[in-house]
Each structure stands twice: as C-alpha cells, then as structure tokens.
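S.K.: Now for the letters of each chain:
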Amino acid sequence: MSDGGIFDEMHGATGQLRRPYAAFKTWFDAEAPKRLRAKQREAEDLFRLTGITFNVYGRAEAEERLIPFDIVPRIISAREWQKLCRGIEQRVRALNAFLHDIYHRQEIVRAGRLPVEMVAKNDAFLPQMIGVEPPGGIYTHIVGIDLVRTGDDSFYVLEDNARTPSGVSYMLENRETMLQMFPELFSLNRVAPVETYPADLRRSLAASAPPDSSGTPTVAVLTPGIYNSAYFEHAFLADKMGVELVEGQDLRVVDGRVAMRTTLGYQPVDVLYRRVDDGFLDPLNFNPDSALGVPGIMDVYRAGRITIANAPGTGIADDKAIYSYIPEIVEFYTGERPILENVPTWRCSEPDSLAYVLDNLENLVVKEVHGSGGYGMLIGPAASRKDLAEFRRKLRARPTNYIAQPTLALSTVPIFTRSGLAPRHVDLRPFVLVSPDGVKITPGGLTRVALKKGSLVVNSSQGGGTKDTWVLED
Amino acid sequence: MLGKTANGLYWMYRYLERAENTARLIETGQRIALTRSGNGDADWEPVMQTAGVAGGYHAAHDSVSKEAAIDWMLRSRDNASSVLCSIDAARQNARLVRTALTHEVWEAINGCYMDVRRVLARKLGERDLTPALKSLRQRTALVRGATHGTMLRNDIFNFCRIGTFLERADSTARILDVKYYVLLPSVASVGSSIDNVQWETILRSVSAMGGFRMVHGNRVTPPEIARFLILDRRMPRSLNFCVSKIRDNLGYLAQDYGARLPSHDIVDGLAARLMANEIDEILELGLHEYIEEVLAALGEAGRQIEIDYRFAE
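These protein sequence lines map, in sequence, to chains A and B. For the first sequence, my numbering assigns the number 1 to the initial residue and increments by one for each residue that follows. For the second sequence, my numbering assigns the number 1 to the initial residue and increments by one for each residue that follows.
Hints may contain errors.
[Said to hold, decoys possible] Some chain B residues near chain A, calculated using beta-carbon distances under 7 Å:
#1 Lys4
#2 Ala6
#3 Arg95
#4 Leu96
#5 Arg98
#6 Thr99
#7 Thr102
#8 Ala254
#9 Tyr257
#10 Leu261
#11 Met275
#12 Ala276
#13 Tyr309
#14 Arg310
[Stated by the list, open to error] List of simulated lysine to any residue pairs, SDA-like, C-alpha gap at most 25 Å:
#15 A:Lys34 with A:Glu44
#16 A:Lys394 with A:Leu361
#17 A:Lys453 with A:Arg398
#18 A:Lys240 with B:Leu152
#19 A:Lys39 with B:Gly111
#20 B:Lys123 with A:Glu64
#21 A:Lys240 with B:Asn154
For the record, the hints were derived by calculation from the structure and aren't laboratory data. Quick caveat: nothing in here was measured; it's all calculated off a predicted structure. Heads up, the beta-carbon is just placed ideally off N, CA and C, and yes, glycines get one too.
Whenever a hint applies, use it, and build me the whole structure from the sequences.
M.R.: The structure is reproduced here in structure tokens:
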C-alpha cells in the first residue's frame with residue numbers, strides 16, 4: 001500500500017500490517033462496508049446535532065460547516081508516544097524559558113545564538129511585555145506542537161502553536177463519537193483516555209493563578225463571540241470546565257482587578273483563558289479600535305493581579321522565522337540535544353537561502369512568517385506556473401516575510417472511502433498544558449487528514465478532515 | 001452567572017414561545033378560513049394583528065392574501081417575528097448561553113432549528129402546512145420537555161421561565177387587545193354564528209378549546225371566555241397564570257440572591273391585581289382599558305428585569 005517511498009502508518013513502507021493496527025484491521029475486515037457507511041453518516045449527524053461546526057472566513061453567508069470526520073482511527077504505539085512526549089516536554093520547557101529570557105535579559109541574543117534583528121524587527125515581539133513577570137512564571141500554558149511523520153522512527157516538528165492553539169474540542173468529540181459508534185473497538189484495544197483534558201486544563205489554569213487570589217481561583221474563557229470561527233470550541237471548553245464564557249463587553253476593570261458582570265454585580269476573575277489575539281486584548285494598550293478586549297487589562301496584568309493564558313507576546317516563540325532557531329533555543333536553555341527535530345528550513349531573509357528558494361520553488365513549500373491556517377502558503381509541486389511566478393514576485397519584494405521548507409513525504413493513514421481503505425496524508429497536533437505544577441500532555445491529539453488523494457494540505461479551512469487518535473497502552 | 005447569560009436565556013425562551021404562538025395563530029387562521037364561507041383572504045388581517053405583525057406586512061405588501069399572510073408569519077426573513085426568524089433567534093441565543101444549558105436542551109433546540117430550516121426552506125403548499133406546524137409543535141415541546149427534565153432549578157432555570165411567561169402573557173394580552181370587542185356583552189348577539197366563530201378563534205388561538213369545554217361544557221358566553229383567559233389560574237396561558245409564574249420565579253431569584261429588586265414590585269402588583277379582580281368588575285371598568293394596562297405593566301416589568309439583573313452594560 002506504499003507508493004513512492006511514502007510511509008503508511010497502517011501498512012508501513014513494505015506493505016506489511018504494522019502492529020498497532022493489528023486488532024483494528026481484524027475488526028475492520030469482518031465489518032460489512034454497508035454498516036460502516038451508515039456509521040459514517042451517523043457520525044456526521046452526531047456532529048451536526050451537537051453543533052461541532054466552524055465558520056469559514058471569507059464566505060458571504062455565515063454558514064456553519066462540519067469538519068469531515070473519518071472513522072478509521074490513527075493509532076500510535078505506547079513506545080512511539082513515550083519518545084514523542086519526552087521531545088514535546090523538552091520543547092515546551094525551552095519555549096517558556098525562551099519567552100522569559102526574550103522579555104528580560106535576552107541572554108540568548110547576548111550569547112550570539114539568535115540574531116538581534118530576529119527580536120528587534122519582529123512584529124510578534126511585544127514591547128509592552130518587557131520586564132513583565134507573568135503570575136506563576138508561565139508564558140505559554142496551552143501549546144499545540146504540530147508533528148509530521150516520514151518514516152517508522154522519524155517525526156518532525158512542523159510548527160509550534162504557542163499563542164492560542166485550537167482543535168482540542170475536535171480531539172475530544174472525535175473520541176466521544178468513536179466511543180458511541182464503535183464501543184467494541186475500545187474493548188479490543190486499550191486506548192489511553194483523553195476525556196480528562198478539560199479537568200486537566202482547569203487544574204492547570206487554576207495552578208497558574210496570581211498568588212494572592214484567595215480560595216478557588218475564578219477561571220473564565222474569553223471569546224471574540226459567536227461569529228468567531230472557533231466559537232464552538234470556546235463554548236465547549238468553558239462548558240466542560242464548568243467556568244464562564246465571557247466576551248470583552250462582559251469584563252471591565254473594577255478596583256484594580258478584572259471583573260465580569262454577573263446578575264449580582266461585578267465579580268473578579270483570577271485566570272482568563274483568552275481566545276482573543278494580542279492586538280485585540282486591550283484597546284488602551286494595543287489596537288484602540290478593538291471591541292473584543294478589556295480596556296486596562298494589561299495594567300492589571302502588569303500589576304500581577306490576573307493571569308492571562310497564554311500570556312501576551314507568546315507569538316514570538318511560534319513565529320515561523322524563529323522556528324528555524326528552535327534547535328539552538330532548546331540547546332541553549334536545556335543544555336540538551338533536541339529530541340524532536342525540525343523540518344529543514346530556509347530563511348528567505350538570508351540572501352543565499354533566498355537565491356536557493358527562488359531557484360527551487362517548484363519543489364518547496366513556502367509559508368508566510370506570520371500566517372496560519374494554511375492561508376497564504378505555496379506548495380511548489382502542486383502550484384501552477386502563474387502561482388509560482390506570483391510567489392517569486394512576493395519573495396523578492398518582501399523576503400523577510402517568508403520561510404521555505406522541502407515538501408516532505410508525509411506519512412499516510414487510510415481513510416474509509418466508497419471503495420474501501422485509501423491512504424491519505426496526515427499530521428498530528430498533540431496538546432500540552434504547562435503550569436507551575438508541571439507539563440501535561442494528553443495522549444494522542446488531533447490528527448488532521450487531507451481528504452483529497454495526494455494532497456498535503458490538512459487544514460480544515462482548506463478542506464481537510466480529522467480522525468480520532470489513539471495512543472495504545474501496553 | 002453572567003448578566004449576558006441571563007439575557008440570552010430569557011430571549012431564547014421568549015423567541016421559542018413566540019414561534020409557538022405564531023404557529024398556533026396560523027393554525028387557527030387556517031382552520032377558521034376553511035370552516036366558514038366567505039372571503040378567506042380577509043380573515044388573515046385580524047390573525048396578523050393578533051400576532052403583532054400586520055404593520056410590517058402592509059409595508060411590504062399591497063393587499064392581504066392567505067398565501068402571502070401565511071408566508072409572512074411563517075418564513076419571511078423580513079418579519080423578525082416569523083416562525084423561522086424566531087427559531088433562528090432562539091437558537092442563536094442558545095449558542096450564546098450554551099454553557100448554561102444541558103446537553104439535552106442544546107440538542108433539542110439545535111435539532112428544532114435544523115428541522116425548521118429544512119421544513120421551511122421553501123414556500124409551503126396547503127397540504128404541507130399542517131404537517132409542518134405539527135412538526136414545529138413537537139420540536140418546541142421537546143425543548144420544553146428537555147428543559148423540565150434536565151435543568152437544575154437554579155437562577156438559570158428561573159430566567160428561562162421568566163422569558164417564557166412574559167412572552168406568553170404578552171401574546172394572550174395581545175390577542176385580547178385585538179379581539180376585545182367580540183367579548184363585550186353589549187354587542188354579543190348570543191347564538192349568532194358569526195360570534196361563535198369569533199369566540200372559537202380566540203379560544204383556539206390560546207389552545208383553550210378543550211380546556212374551556214372541560215370547565216364550562218358547551219355553554220360559551222363572552223364573559224366566561226374573558227374570565228378564562230384573564231383570570232383562570234388553571235389555564236396555562238391565562239394572564240393570571242403567567243403573571244403568577246413570573247412572580248414565583250422572581251421570588252426564587254430573590255431568595256437565591258438575597259435581594260428584592262424593583263421588578264419584583266411591578267410584577268407583584270400586577271399579580272395581586274389579577275388575583276383580586278372579578279370579571280364583572282373588569283368588564284364594567286372597560287375590558288380594553290384593562291388589557292392595555294396589563295400590557296403596559298408587562299412591558300415595564302420586562303424592561304426593569306433587564307436592568308435589575310444587568311442583562312447589558
């Protein structure tokens with residue numbers, strides 16, 4: 001089932017069934033395709049009724065769309081997962097250390113390991129955070145590390161999401177759907193649970209509360225509102241954590257604290273899990289036109305009287321230009337070799353790299369340094385001559401705005417189609433929680449899958465789907 | 001609990017109740033039009049008046065036709081109180097307060113929304129109207145059932161109930177406001193078929209045909225209908241019933257929060273009045289004036305509740 005050296009996670013490179021999939025495959029082969037097709041439809045109905053939908057940006061009608069769900073799980077062995085965990089933990093510790101350093105003494109720049117212009121000229125660097133001590137000392141509390149796989153033992157970090165990683169609600173609902181539809185699969189396999197995530201999240205946020213908050217810290221989720229593409233997830237997480245879901249207009253600064261307007265008056269909030277971008281967080285300190293934020297919240301934050309998760313300014317750590325320095329960053333702060341490798345990356349800001357990228361554009365993936373969601377990227381092998389010419393112009397005009405990477409032979413996992421199992425490319429976003437109590441990684445994560453044959457684009461905004469992701473327990 | 005959440009719950013249940021009431025009026029209009037001779041189109045003017053949507057209709061149409069009136073009340077996007085818009089708004093509010101709802105209630109309202117959008121996607125022919133309205137009734141009943149069966153009896157529940165009963169009281173009062181003249185003893189030529197139809201319309205508009213018959217048999221008189229709809233405490237759409245419920249729910253909130261607020265006084269006053277009045281008294285003072293006063297008090301109560309519980313900044 002492998003072609004052109006692409007690693008299939010079910011069938012390996014040689015076409016032989018891999019161990020983690022053994023029990024699943026036996027079950028699958030005994031199932032009537034007709035029943036499975038009916039189950040696939042049932043899954044869609046479940047998602048629609050629960051309202052697990054997202055709004056697509058740039059569409060006239062604000063229709064809610066489903067992210068397609070595939071019933072074939074992506075299965076990871078306990079051994080594979082343990083190694084990934086070590087690498088992920090090392091990486092998020094380094095990211096937090098880097099963030100603290102970059103907003104304080106900038107030792108890494110002084111040591112000559114990171115060029116000063118990577119900080120000074122970087123839009124993701126937030127001068128308002130210089131010298132600020134976040135409560136609990138954590139900058140990025142909720143992290144998503146995007147991984148891709150190219151072989152039996154080779155995983156790469158494609159990007160870090162240190163600002164507001166999304167998708168965790170899909171991880172949870174995908175599992176819930178599989179449990180409802182195929183309970184027997186969970187008797188045949190020992191799958192590590194993911195259901196504890198919301199409780200872990202709440203515990204982790206509470207542990208990061210300002211030291212002077214008395215009793216049980218009050219946690220709230222800040223959403224831009226119901227028209228935001230990820231609103232479902234914001235409501236979902238608030239609901240599962242049992243905390244309030246607030247918008248900017250529900251909050252104001254009262255007596256030096258951030259407080260929410262309740263039916264009984266204003267009540268202080270200790271920890272705000274914000275799903276609003278930095279620029280909109282505080283119209284007094286950032287974008288003055290923002291109606292999504294809370295005027296003055298940054299002043300409360302600087303006074304150490306509220307925890308904002310993730311901290312403002314964490315974007316400097318997941319910026320795509322900084323990404324290429326992460327191996328150095330890991331070594332600098334942990335004193336260890338990075339366990340997880342980066343994808344080789346050309347920084348177009350460097351003249352030699354730019355020349356290489358321009359010469360080899362048809363073989364490369366080019367990304368905007370500050371982009372996300374698969375918007376504004378070029379996939380060389382799939383691009384038309386016109387697209388390539390346009391990107392050459394863009395690259396020459398603003399080289400610092402881009403990085404380039406080789407098109408990796410991403411691994412595949414089969415999806416269930418009309419004609420049976422068919423391999424499709426996948427990536428993986430494990431979710432990581434960081435608090436003063438430690439690092440917690442939920443076993444599995446969100447597997448995104450490109451539904452089109454041969455396609456490498458897994459983003460939901462570009463027609464990708466998702467799968468339940470299993471980590472097997474030994 | 002956030003003020004915004006109280007606001008969302010209150011409006012979610014108001015809109016849900018409004019959708020149901022409008023659907024009931026359409027059903028009544030349809031039934032009356034089918035069971036009497038004469039001009040079917042003209043019957044729809046008073047139906048739209050009782051639903052409070054006649055003004056908007058005339059701004060958008062030159063004349064009244066049955067087909068256009070039904071479409072206006074059922075699925076027009078230009079009529080904010082149409083069934084379709086009301087269900088949309090109820091569900092939009094439900095999304096806003098999703099964390100306050102149980103999973104069952106959310107699924108019920110979301111299922112209701114999906115079903116209504118499917119059923120009302122196109123203009124309905126005469127044959128499709130009855131099943132569409134029936135399905136709507138079942139869907140909204142499911143939301144109410146899930147609410148009763150799964151929600152905690154706390155402040156969340158109280159705001160749901162206050163929204164429901166304010167809308168319902170408002171609807172019953174409006175029906176009486178438009179139709180009061182039919183119930184005046186002076187013009188009642190007892191036994192004439194026209195009046196029988198009018199009275200039946202009123203009772204059907206509040207789903208009270210069966211209930212009324214159970215209490216009064218087949219002896220239908222205008223003062224009894226007026227009494228039933230205004231004062232009867234057993235009748236779940238009477239003004240007295242609805243206002244008592246609002247008073248009770250505000251009372252629970254006062255206990256829960258340990259605070260009596262100005263809205264409580266407004267509602268207590270109205271409830272006391274409805275308890276004390278006799279129908280003869282009301283008719284003597286003027287049915288129309290009485291209803292107008294009740295409507296004004298309901299409006300004032302609604303506005304004060306929004307202020308008291310900080311629905312908005």
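S.K.: Hint by hint, note whether the structure agrees.
M.R.: Do the hints match the structure? See the list:
1. Lys4: This interface hint holds because 5 Å falls under the 7 Å limit.
2. Ala6: holds, 5 Å
3. Arg95: holds, 5 Å
4. Leu96: holds, 6 Å
5. Arg98: holds, 4 Å
6. Thr99: With Cβ-Cβ at 4 Å, under 7 Å, it holds.
7. Thr102: Check failed: Cβ of B:Thr102 comes no nearer than 10 Å to chain A, outside 7 Å.
8. Ala254: violated, 12 Å
9. Tyr257: holds, 6 Å
10. Leu261: The hint is violated - B:Leu261 has no Cβ within 7 Å of chain A, the shortest such distance being about 10 Å.
11. Met275: Because about 28 Å separates B:Met275 from the closest Cβ in chain A, which is outside the 7 Å limit, the hint is violated.
12. Ala276: Given a least distance of 31 Å, the restraint on B:Ala276 is violated.
13. Tyr309: Holds - the Cβ of B:Tyr309 comes within 7 Å of chain A, reaching about 4 Å at its closest.
14. Arg310: Holds: closest Cβ of chain A sits about 5 Å from B:Arg310, inside 7 Å.
15. A:Lys34 with A:Glu44: holds, 16 Å
16. A:Lys394 with A:Leu361: holds, 12 Å
17. A:Lys453 with A:Arg398: Given pair A:Lys453, A:Arg398 is violated - Cα atoms ~33 Å apart, limit 25 Å.
18. A:Lys240 with B:Leu152: Cα-Cα ~16 Å, so holds.
19. A:Lys39 with B:Gly111: Between A:Lys39 and B:Gly111 the Cα gap is close to 19 Å, so the pair holds against 25 Å.
20. B:Lys123 with A:Glu64: Measuring from Cα to Cα gives roughly 23 Å; hence the hint holds.
21. A:Lys240 with B:Asn154: Holds - the C-alpha atoms of B:Asn154 and A:Lys240 are around 19 Å apart, at most 25 Å.
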